[in-house]
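Protein chains: 2
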Amino acid sequence: MRLYHSTASPNSRRVRMFMAEKGISIPFQPVNLAEKEQFSDAFKAINPRQQVPVLVLDDGTAIAEVPAIWRFLEESHPEHPLLGSDATGKALVAMWERRVELDGFAPTMEGVRNAVPGLKSRALSGPHDYEQIPGLVERSKRRVANFYADFDARLANVPFMAGADFSAADITGVVTVDFATAAFKMPIPEDSRALRRWYETVAARPSAKA
Amino acid sequence: MRLYHSTASPNSRRVRMFMAEKGISIPFQPVNLAEKEQFSDAFKAINPRQQVPVLVLDDGTAIAEVPAIWRFLEESHPEHPLLGSDATGKALVAMWERRVELDGFAPTMEGVRNAVPGLKSRALSGPHDYEQIPGLVERSKRRVANFYADFDARLANVPFMAGADFSAADITGVVTVDFATAAFKMPIPEDSRALRRWYETVAARPSAKA
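Protein chains in written order, with my numbering: chain A, 57 to 266; chain B, 57 to 266.
Chain A with its partners taken away, still in its complex shape:
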């Protein structure tokens, strides 16, 4: 088993943190995005969508897409569950992780990809070229601001994104905040006290360094 990833890829970090939380240690194979290695024929044979991360199993099966890789890792290493414990818990982690992704992670990515000069015709990741749409940058800023406000309100009532326990939803959350801070100049607002308290707790976990 081997993880193709990049230290520059927030989606790769979502998988690395998940593995660190579960104590899963496998070889990492760096893919050099700055050198456009993801567009090479060798990498396209692994993932035709030309994206990291990809988990390649010993039989050669390639699993891409973060929630899919997580699902494999959770099924094959069920101890320390990060996707919920019973039917209701699994559903609620899926719901909250998706909301963090759709409301926070995705607009941050959309804002960055539509703003960075080097991604002019690469506004969407994947095998097809799409030109940037400047109006999406401003809309993304509003969406990330709404994400911060909505989840600050939620975290005033619960310790973690999905409720009582740390889960994959928190991983997507901390990766979103760090990505939005570094690449989109949108740190958590000073007055979002519950969100800041949550961030300090999860960012202090050893897995956050992964």
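Don't take every hint at face value.
You can't tell identical chains apart in this list, so a pair holds if it fits in one copy or across any two.
As the list claims (entries may be wrong) - No more than 27 Å apart at the CA atoms, straight line, and that leaves these computed lysine-lysine pairs for BS3-like:
1) Lys197 to Lys100
2) Lys176 to Lys92
3) Lys78 to Lys197
4) Lys100 to Lys78
5) Lys78 to Lys176
6) Lys176 to Lys197
7) Lys241 to Lys100
8) Lys78 to Lys241
9) Lys176 to Lys265
10) Lys78 to Lys92
11) Lys197 to Lys241
12) Lys78 to Lys265
13) Lys176 to Lys100
14) Lys92 to Lys265
FYI, nobody ran anything at the bench for these hints, they're computed from the structure.
Given the coordinates of chain A, assemble chain B onto it according to the supplied hints.
For chain B alone, kept in the frame of chain A given last:
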């Protein structure tokens, strides 16, 4: 247990088809989107995101977001699995279902919501208003065309979206095609023969009427 849904909602149909495939029968509670019932205080108490579908359990727990509802139903009714059988199969269904959603369903929804006059300041579903961006309509058309081409190529090699077996990925696929055909005037191209063969097979299943 009760499903809040709308017959006008493609996301609701993804859940109804899933239930029909598994033979799960529970009360359906219609939410009248034309009358803006999803914005009522009563419905906001069920789902603050003001979206259907929502599965409400007997203890009052509200599960929203299609993959989360599916996860609960699959865990509580494991027979006739639609999310994969073993660790690898579960991961591959998650991967392919997500690709169908991100490449086909999501751009169709984006194209429609940015084009329909009645959704002028409602370009994104959820609790916040966002103005339409006309450039997204044209981009969505290109994305849906690429989705059709990419999945026509895939289905030349496998019978179903995720491989050998019918799965949730096919449900998202058939809902996407019907939605793109009816609301975005983008039926499957005549020359996409493998995709058409797949569509005819899955659309003929009794669950497709759900």
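Results for each hint:
Taking the shortest Cα distances, Lys197 and Lys100 sit within 27 Å of each other only across copies (25 Å), while inside one copy they are farther apart (33 Å). With identical chains, the CA atoms of Lys176 and Lys92 are at most 27 Å apart within one copy only, with a shortest distance of 15 Å there and 39 Å across copies. Proximity of Lys78 and Lys197 under a CA criterion of 27 Å is satisfied in neither setting, with 33 Å inside one chain copy and 42 Å between copies. With identical chains, the CA atoms of Lys100 and Lys78 are never at most 27 Å apart, being 29 Å at best within one copy and 36 Å at best between copies.
Proximity of Lys78 to Lys176 under the C-alpha cut-off of 27 Å is found in neither arrangement, the shortest distances being 38 Å within a copy and 45 Å between copies. Within a single copy, Lys176 and Lys197 get their C-alpha atoms as close as 19 Å, and across copies as close as 20 Å, so both meet the 27 Å cut-off. Proximity of Lys241 to Lys100 under the C-alpha cut-off of 27 Å is found in neither arrangement, the shortest distances being 32 Å within a copy and 32 Å between copies. Taking CA atoms no more than 27 Å apart as the test, Lys78 paired with Lys241 passes in neither setting, with 31 Å inside one copy and 47 Å between copies.
Neither within a single protomer nor between protomers do Lys176 and Lys265 lie at most 27 Å apart by alpha-carbon distance, with minima of 31 Å and 43 Å respectively. Proximity of Lys78 and Lys92 under a CA criterion of 27 Å is satisfied in neither setting, with 31 Å inside one chain copy and 44 Å between copies. When the C-alpha separation of Lys197 and Lys241 is checked against a cutoff of 27 Å, the pair qualifies only within one copy, where the shortest distance is 9 Å, while the shortest distance between copies is 32 Å. Taking identical chains as interchangeable, the C-alpha atoms of Lys78 and Lys265 lie at most 27 Å apart only when both belong to the same chain, with a minimum of 14 Å there against 42 Å between chains.
For the identical chains of this complex, Lys176 and Lys100 are intra-copy neighbours only, at 22 Å inside a copy versus 40 Å across copies, given an alpha-carbon limit of 27 Å. Taking CA atoms no more than 27 Å apart as the test, Lys92 paired with Lys265 passes inside one copy only; the shortest distance there is 25 Å, against 45 Å between copies.
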